[in-house]
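Fit chain B to the known structure of chain A by using the hints.
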Amino acid sequence: MKTGKKQALLAVALIGLISGSGIAGERSIIVQSTTSTANSGLYDHLLPQFKQDTGITVHVVAVGTGQAIKNAKNCDGDVLLVHARSAEEKFVAEGYGLSRHDVMYNDYIFVGSPADPAGIAGGGSATIALKKIAASRSRFASRGDNSGTHKKEMALWKQTGIDPTAHSGAWYLETGSGMGATLNAAVGSNAYGITDRATWISFANKSDFDILVEGDAALFNQYGIIMVNPARCRQVERESAQAFIDWILSSKGQAGIAAYQLTGQQLFFPNAKP
Amino acid sequence: MQDFGAAFGLAFSLVFNADADLVEIILLSLRVSIGAVALAALIGFPLGALTAVVAFPGRQAIAVLLNALMGLPPVVVGLLVYMALSRAGPFGWMNLLYSPAAMIIAQTILVTPIIAALTRQVVEDMHREYDEQFRSLCIPPRRVIGALIWDSRYSLLTVTLAGFGRAIAEVGAVIIVGGNIDHLTRVMTTAIALETSKGDLALALALGFILLVLALSVNAAVYGLRLSARRLSYA
Chain A
1 MKTGKKQALL AVALIGLISG SGIAGERSII VQSTTSTANS GLYDHLLPQF
51 KQDTGITVHV VAVGTGQAIK NAKNCDGDVL LVHARSAEEK FVAEGYGLSR
101 HDVMYNDYIF VGSPADPAGI AGGGSATIAL KKIAASRSRF ASRGDNSGTH
151 KKEMALWKQT GIDPTAHSGA WYLETGSGMG ATLNAAVGSN AYGITDRATW
201 ISFANKSDFD ILVEGDAALF NQYGIIMVNP ARCRQVERES AQAFIDWILS
251 SKGQAGIAAY QLTGQQLFFP NAKP
Chain B
1 MQDFGAAFGL AFSLVFNADA DLVEIILLSL RVSIGAVALA ALIGFPLGAL
51 TAVVAFPGRQ AIAVLLNALM GLPPVVVGLL VYMALSRAGP FGWMNLLYSP
101 AAMIIAQTIL VTPIIAALTR QVVEDMHREY DEQFRSLCIP PRRVIGALIW
151 DSRYSLLTVT LAGFGRAIAE VGAVIIVGGN IDHLTRVMTT AIALETSKGD
201 LALALALGFI LLVLALSVNA AVYGLRLSAR RLSYA
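If you read the sequences in order, they're chains A and B. Residues in the first sequence are numbered consecutively from 1, following the numbering used here. Residues in the second sequence are numbered consecutively from 1, following the numbering used here.
So that you can see chain A by itself, here it is in the shape it has in the complex (with noise of 0.2 Å):
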């Protein structure tokens, strides 16, 4: 009976191998959120005042708006933080999460080559960016995936009456990434683009790219924070969600949010409503 001994310390050995992971009874949540929320740190600077006054691990899933709330939507999370307003009330309206709450905003900005072939460089409009751009074939690097990012770039395209999807692999690439992925492409490929302020300050491979557009009223980035609906997701831990949606209004959380700066600049500006 060696290799029996053998074989049954061998499935002793996998199981500890494969359910060895974290600490037991710990209380935790899982929120599914942007990327921009997560690239930029702001949960590095947020979570552990969280944690420290709670006790709760909070575990982000950093995917793009669509993604996170079609996760939600499967009850994968407990918790939706993300930045597109009329997407985040149909999933209220639609019963996937409870009440909506503002969270904090910031704004998009255009960014492109100092070369600037399609001369937006300085001006205070959207549209009209977007009008020079489409008029002169200049390269434009689009999300195309259904992102918060994404949805606002498309609403402003439905503003000009240009369908850029039009000239997709043309002039218009729609890259399918994250907003991360996508700058990558506009500095590889001389294109511009629409990204929200805090990935921006935050993203380390800028080349000579600078912002171009910003300021219009148009850009403006608003983020939400709803709890996955309890009702419908019975796994979702409601008290500890809870916790976190209340702590995040609070004005120690909103405070921990104006707090966060990268390269003397803030990221994100608290505006829930007390």
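Just so you know, these hints were derived from the structure itself, not from any lab. Computed from a prediction, not measured in an experiment: that's the story for all the values here. Hints may contain errors.
What the hints assert, rightly or not - Not close to chain A: a few residues of chain B, all C-beta gaps over 10 Å, as computed:
# : residue
1 : E24
2 : G172
3 : G179
4 : L232
To be verified - The list that follows gives simulated cross-link-like pairs (lysine to aspartate or glutamate, DMTMM-like), each with its CA atoms no further than 25 Å apart:
#  : chain 1 : residue 1 : chain 2 : residue 2
5  : A       : K51       : B       : D182
6  : A       : K51       : B       : D3
7  : A       : K252      : B       : D182
8  : A       : K90       : A       : E239
9  : A       : K51       : B       : D21
10 : A       : K51       : B       : D19
11 : A       : K206      : B       : D3
12 : A       : K70       : B       : E24
13 : A       : K70       : A       : E94
Said to hold, decoys possible - From the structure, some residues in chain B lie toward chain A, with a derived Cβ separation under 10 Å:
#  : residue
14 : M70
15 : P73
16 : L85
17 : P90
18 : G92
19 : W93
20 : E132
21 : N180
22 : L184
23 : I192
24 : T196
No residue lacks a Cβ here, since even glycine has one placed at the ideal position from N, Cα and C.
Using the frame of chain A, we list chain B on its own:
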């Protein structure tokens, strides 16, 4: 490209300072990929040997299928495992999504066909040599399979390494089912993808170098093991 030089420097400083986050990520990478390869070997060795030795209906079809599945796209496996393990999926009750266990499951599915298909080939070649002998001694298939697997153990070690190479290098499956969660499911490949998306190409490349060295060390260790085992068995 000064990025290459910067990446080398960064890789060295990360390793020499034994960066705590890096150590955690490396250990998880090894745990997930070695776990997956061990499970895949447990399934793949017997499965491959069975298709090589025993004549049963559909045997050729299985051989072709195993060969074809070696090319399984990781992102498709990731998607399938995500759909299965999602709380809305059939195995949602197990609460495995976004855990190392989910990553092991996904990689096991990726690696098993590789190990099974290559095992089938190795054992089949070996079997051709011994077939008559086994038959003349009337040895039952179960023992034939055991003997052939044991006899091809050195070749199967290389087979296992091929599987390990696939597992440790893939990002498509683990990023979907693991979620790349910091301190929970972040491994080398997902960390590289993350740093690339942050535009920190030097750090991404540095992690790439370290991953390469890691794969090299595992291969060297196995090679050494094989050498010394050979020496012992012929001593």
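Now for the hints, and whether the structure bears them out:
{"no.": "1", "hint": "E24", "in the structure": "holds (12 Å)"}
{"no.": "2", "hint": "G172", "in the structure": "holds (13 Å)"}
{"no.": "3", "hint": "G179", "in the structure": "violated (4 Å)"}
{"no.": "4", "hint": "L232", "in the structure": "holds (18 Å)"}
{"no.": "5", "hint": "K51/A x D182/B", "in the structure": "holds (14 Å)"}
{"no.": "6", "hint": "K51/A x D3/B", "in the structure": "violated (37 Å)"}
{"no.": "7", "hint": "K252/A x D182/B", "in the structure": "holds (24 Å)"}
{"no.": "8", "hint": "K90/A x E239/A", "in the structure": "holds (24 Å)"}
{"no.": "9", "hint": "K51/A x D21/B", "in the structure": "holds (18 Å)"}
{"no.": "10", "hint": "K51/A x D19/B", "in the structure": "holds (23 Å)"}
{"no.": "11", "hint": "K206/A x D3/B", "in the structure": "holds (13 Å)"}
{"no.": "12", "hint": "K70/A x E24/B", "in the structure": "violated (30 Å)"}
{"no.": "13", "hint": "K70/A x E94/A", "in the structure": "holds (13 Å)"}
{"no.": "14", "hint": "M70", "in the structure": "violated (23 Å)"}
{"no.": "15", "hint": "P73", "in the structure": "violated (16 Å)"}
{"no.": "16", "hint": "L85", "in the structure": "holds (9 Å)"}
{"no.": "17", "hint": "P90", "in the structure": "violated (12 Å)"}
{"no.": "18", "hint": "G92", "in the structure": "holds (7 Å)"}
{"no.": "19", "hint": "W93", "in the structure": "holds (8 Å)"}
{"no.": "20", "hint": "E132", "in the structure": "violated (27 Å)"}
{"no.": "21", "hint": "N180", "in the structure": "holds (7 Å)"}
{"no.": "22", "hint": "L184", "in the structure": "holds (6 Å)"}
{"no.": "23", "hint": "I192", "in the structure": "violated (12 Å)"}
{"no.": "24", "hint": "T196", "in the structure": "holds (7 Å)"}
The structure fails to meet hints 3, 6, 12, 14, 15, 17, 20 and 23 from the earlier list, while all remaining hints are met.
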